[in-house]
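Protein chains: 2
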Amino acid sequence: MQYNAVPLQRLIEQFEKMPGIGRKTAQRIAFYILGLPKDEASAISDAINEACEKIHKCALCCNLTEDELCPICKNEKRDHSVICVVEDSQSLIAIEKTKEFGGVYHVLHGAVSPLDGIGPEQLTVKELLARIGGGEIKEIIIATDSDIEGEATAMYLAKLIKPFDIKISRIAFGLPVGTDIQYADEVTLSRAIEGRRSM
Amino acid sequence: MQYNAVPLQRLIEQFEKMPGIGRKTAQRIAFYILGLPKDEASAISDAINEACEKIHKCALCCNLTEDELCPICKNEKRDHSVICVVEDSQSLIAIEKTKEFGGVYHVLHGAVSPLDGIGPEQLTVKELLARIGGGEIKEIIIATDSDIEGEATAMYLAKLIKPFDIKISRIAFGLPVGTDIQYADEVTLSRAIEGRRSM
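As given, the protein sequences belong to chains A and B, one line each in that order. Take the first sequence: its letters are residues 2 to 200, numbered as in our numbering. Take the second sequence: its letters are residues 2 to 200, numbered as in our numbering.
There may be inaccurate statements among the hints.
Where chains are identical, the list cannot tell them apart; a pair therefore holds if satisfied intra-copy or between any two copies.
SDA-like mimics (lysine to any residue), calculated; alpha carbons at most 25 Å apart, straight line [as the list claims (entries may be wrong)]:
# : residue 1 : residue 2
1 : K163      : A153
2 : K18       : E54
3 : K127      : L35
4 : K98       : I13
Derived by calculation from the structure, the hints in this document are not laboratory data.
When you get a sec, could you build the whole thing from the sequences and use the hints?
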């Protein structure tokens, strides 16, 4: 039996589709929205519409921005000869928060995943090659995830960039800081040994 | 530092306000929406607007509905002389799912909570009294939550309905089915003993 009115059910279903939201939370959110004053409820739909209209890819690095160029690409103090390649804007934000990286980025908007039908042409690989082809780039740091798709993408990009004769590096994988070796999983531990550095 | 573009940040903040959603989930949802095709993204905002426009309180029981009367109040097979009073539509759905109750409902839209500034006038108490005053009601089952606010509301309503000389009952509180007595909390266990039934 259908317990909710149709428009309410439709609203619940929209929230259920979102990542990290189950049926109960979707229901709770829908009732929360219905309980809001009219202007606060429409502020939510306005925010969705506004973000979808105004946010687009940066003309250079493909990061999400509301201007033609994102604040990082516009910043002249950053080192524009070093590009850190990331899968998505969330990864970019995570790296920015470390305040350790002074170069610029390139956002791929995904990773190569043949099973999901995502090949290099769905990503911003072409745009990356155009930037590299423009000269002036000294190093490419590949910071895709450490899962299968991320690794495959890293290897694919490395092969693609090799002919340009610029430095290519991959971020380090190993033990997270503060963990006990005895509790580390085998894959991480072997990556840590493999990637050991002289001291 | 502000890492996200303003419209994106605004979208994240809207989701952060929702119940059960933290900063990380809000961010994940916002990026998910930005990654959707335009029509799917606007389907979300349309669903919000449509629900807020079309859904309102049932003229009789104050349940959320898109028609003048909700499907339960319209249903002639139900016993309209027994009213089950609940705090919200979610409670109503929970009771409906048991398929045990054949009467009708009254949705209070909250519980008396002086600390939050919610008195009886913010609830649909007036509408409930009008229904009772119309005669034909034989029993009121008070099914407000078992927390302080729900208990206070139940007591307040019982006092208010007493002069009408109709049967008033409160749903039973005790051990949830399938639990071990040794693990029950003291309050629940004392309520279970207090509410014991002869067998």
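Please sort K127 with L35 into within, between, both or neither, judging by C-alpha distance up to 25 Å.
between (45 Å within a copy, 21 Å between copies)
Since the copies are identical, ignore which copy is meant and state whether K98 and I13 lie within 25 Å (CA to CA) inside a copy, between copies, both or neither.
between (34 Å within a copy, 17 Å between copies)
Evaluate K18 and E54 at a C-alpha cut-off of 25 Å and name the case that applies: within, between, both or neither.
both (21 Å within a copy, 22 Å between copies)
Within a copy, between copies, both or neither: which one fits K163 and A153 at a CA-CA cutoff of 25 Å?
Classified as within; 15 Å inside a copy, 73 Å across copies.
Hint violations for this structure: none, all hints satisfied.
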